[in-house]
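There are 2 protein chains.
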Amino acid sequence: MSISPRYLILADGAFGVHTSKTAVGCIRFTPEQVVGVLDTVTAGQTVEQVLGFGGAIPVVASVAAGMALDPNILLIGIAPTGGQLPESWRPVLRAALESKLHVWSGLHVFIGDDPEFAELARRNNVEILDVRKPPPELPVSSGRVRDVSATVILTVGSDCNIGKMTTQLAVRTALKERGVSVAFAGTGQTGIFIDGKGLSVDAVVADFIGGAAEQLVLDAAKTADIVLVEGQGSLLHPGFSGVTLGLIHGSLPHALVLCTQPSRTAIRNNEWVKIPSLKSLIAMHDLVTTPLRFAPTIAVAMNTFDLGDEAARDAIERGMAETKLPVTDPVRFDPGPIADAIIAFHEDRLASGQRHARN
Amino acid sequence: MSISPRYLILADGAFGVHTSKTAVGCIRFTPEQVVGVLDTVTAGQTVEQVLGFGGAIPVVASVAAGMALDPNILLIGIAPTGGQLPESWRPVLRAALESKLHVWSGLHVFIGDDPEFAELARRNNVEILDVRKPPPELPVSSGRVRDVSATVILTVGSDCNIGKMTTQLAVRTALKERGVSVAFAGTGQTGIFIDGKGLSVDAVVADFIGGAAEQLVLDAAKTADIVLVEGQGSLLHPGFSGVTLGLIHGSLPHALVLCTQPSRTAIRNNEWVKIPSLKSLIAMHDLVTTPLRFAPTIAVAMNTFDLGDEAARDAIERGMAETKLPVTDPVRFDPGPIADAIIAFHEDRLASGQRHARN
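As they're listed, the protein sequences go chains A and B. If you're matching positions, the first sequence starts at 0 in numbering that gives the first Met the number 0 and goes up one per residue. If you're matching positions, the second sequence starts at 0 in numbering that gives the first Met the number 0 and goes up one per residue.
Looking at chain A on its own, in the form it has when it is part of the complex (with noise of 0.2 Å):
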C-alpha cells in the first residue's frame, strides 16, 4: 500500500446517497486523491453539482471512460446491501482489472478471493486489497505501545457514526498548519482509504483488537511527533463496545478527544440505552484507561450538524461550562482549538520528562 492512490470511485446507482459514505469520505477529505467517480446516474454531471462539494471532479458512467482520467486504482465506494458482491458488478470490477487498475476494497466479501478476480489481477499485474482482511500475524496486545515516544490521542465517542475519524483529519490539518509532526491511524474502511494505510480493528478476530491497534500506533509513531488514532464505536454501544475497549488498550494513548453530538440522545438503533452526560462519559473513560495508562480527555468534539448556528454555539458554551474544556465543532466551525488542546499536552508532556517514562 505504498502507492499514491489516484482513486476511480465506483459508486454506481448509490452517488450522494447514505450507501456511499465511503466515496463522499474520501472526496471531502483527500479530494486531490479522487480522478473521477463512476455512477451511470449521475454521469455527466460534476462531484460538486451532485453533493453540493467536491469542484470539479466528474462522474463517469465507465471504467473506460474514466481511464481518460488517469486513475491508479479503482476504489469501493458503496457498500451493497447484504455486504455481498452484486452480480451487476462483475463486468466493471473485470474492466478495472483489464485495465491494470489496482482494486481497494472494504467489503465483508473478499474479491481477493473471487478466482476469476484473483486470476485477472495476477495476469494484470495489479493487487487486489480487501482492507478488512486483517493480516495474518497480529499478536495480543501487551502495552508495547509504552515504549513510543509520541504522543498517542484518540478520539472517542458517546456513540458510533458521530466524527470520530473527522474530527482527527480536521485536526491533522490544523496540526499540520501550526508546522507539527503528525500522523493519522486509520481504524475502519474510509479512513484508510483517505490515508492509504490503516487496519481495520473491527475486522480481525477478537482477540486480536488490541494487537492491531497496538501494532497501527508502533508503525504511525515512526514517523510523527503526535500520532492521531480513529476512535471506533463507543463504550456504551451494546453491538460495538468490545471493540472500543480493545482499541483504547491496545493504542494505549496518552489523551483522548471526546466526540458527541448534541441533538442525540439514546444510542442510534438502541434507544434503550441513553447517552449519559459530558462529565459521566469523561468519568467513565478516565476509569477504564486508569488501571493501564490513565489517558485524560483534554477536549471536546462536537458534531451540530443538525442544528442551527445559534443552537450549535449555545450547545458548545454548556459544553464548556460543563467540562471546562475546549469544546468546538472540528467541521462547521475550527478545529484550531483541539489541535492548540493536544500541541499543550503535548508540550506539557515532554517539559515534564515524561517523553522516556514507560507510564
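Among the hints, erroneous ones may be present.
For identical chains, the list gives no copy identity; a pair is met inside one copy or between any two copies.
[As the list claims (entries may be wrong)] Below, computed lysine to aspartate or glutamate pairings styled on EDC-like, alpha-carbon distance capped at 20 Å:
#1 Lys221 - Asp146
#2 Lys273 - Asp146
#3 Lys323 - Asp339
#4 Lys175 - Asp339
Bear in mind the hints are in silico, worked out from the structure with no lab data behind them. Remember, it's a predicted structure, so these values are computed and weren't measured experimentally.
Based on the hints, put chain B in the right spot on chain A.
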C-alpha cells in the same frame, strides 16, 4: 452437538502438563463424560495416578486401544505450540475418523478444513467440530437479551485464567443440589467441551463479540430459570479487555460474580498493569454496566489454590470485610455462599416484579 459425549481425549506427550488444560478441565468437571485418555508417555496408568484425581479412567497408547472403552468422540485436549496441527497427530486423527469417532477440536487451525480429514469424516459419516469456527450468521448485539425472563449471572475477573469457568461450574452443581433450574453458557473451548455446547466468543470477528454472547444467552435461557455465563478475560487486560466488555454488553447479566486470586497483584504476563482493590474492581464493573443494564456484583469467588489454609481463610475474611459480600473459594471450600447469593438475588428479582420489565 446434541450427542452425549463419551470422550477419548487426545493429550499425547503432554498429559498432566500445562498445555493439556482442556483435557484436565474436562476430567475435573465431567469425569463421567471421559472414557479414556490417549497418551503414549503415561499409557497403562489411570488418570488418578497421573493427575492425582480423576479415578480409574485409563490412559491408552492408541486409538485402537481406546476403542475398547467405547468412546464416541475424539477430543483434542492439548494445544500444540504455534496453534498448527503437528504432523505426528495426522495418523491419530485418521485412525479416529476411520473408527467412526467424531472429532472435536478447539485449535486455531480448523481440522474440518483439511481436505483429507474432511473426506474421511464424510466417508465415515462422522462430524468434525471446530469450536473456534464461529457460526456464519452472527448478528450485532442489540439488547435482545432484555426479553428473556431467566436471571443471567456472569463471572468477571481481575485477570485471565483465574477461575471464571471453574466458579460457574461449581456454582451450577450447588444450584442443582438446591433444586434450581440452571443452565451453563460456555464461552471458551473448555467450557464448551464440558457442556457439549456453547460458542467461543473470542474467536468471532470483533464486531460480533456481543452478538455471539447475546445468541448464547438467548439459547440457554430457553431451558433454565438461571443462566450462568462463563466470563472471559478482564476489563483490565491489555490484550483481552475488548472481549470482556463485548461479553458483558452482549450477555447483559442481571448480576456479576467477581473472580480474583489474592496472591496475584498484577496482570499475568503484563506486570505493568497492577490489579486494584476489590472495591475498585466492583466500581469499574458498576460503571460499565450502568448505561445498559446495571448489574450489581453479588459475590466474590477467590482462587486460593496457592495459599495455605490459614492464609486462604484470612484472604476470604478480608474480602468480606472490604466488600460486605459473600466471599468463598468455590473449589477449595464451598460454592454454596455464591449459589445462595444467586438464589436470593433471583427471588428478589422475581418478587420485585422485574420479571416482565425490560430493565
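Tell me, please, which holds for Lys273 and Asp146 at an alpha-carbon limit of 20 Å: within, between, both or neither? between (38 Å within a copy, 18 Å between copies)
Within, between, both or neither: Lys323, Asp339 at alpha-carbon 20 Å: within (15 Å within a copy, 47 Å between copies)
Indicate which option fits the pair Lys175, Asp339 if close means a Cα-Cα distance not exceeding 20 Å: within, between, both or neither. within (12 Å within a copy, 61 Å between copies)
Go through the copies and call it for Lys221 and Asp146: within, between, both or neither, with a Cα cutoff of 20 Å. within (11 Å within a copy, 49 Å between copies)
Hint compliance for this structure: no hint is broken.
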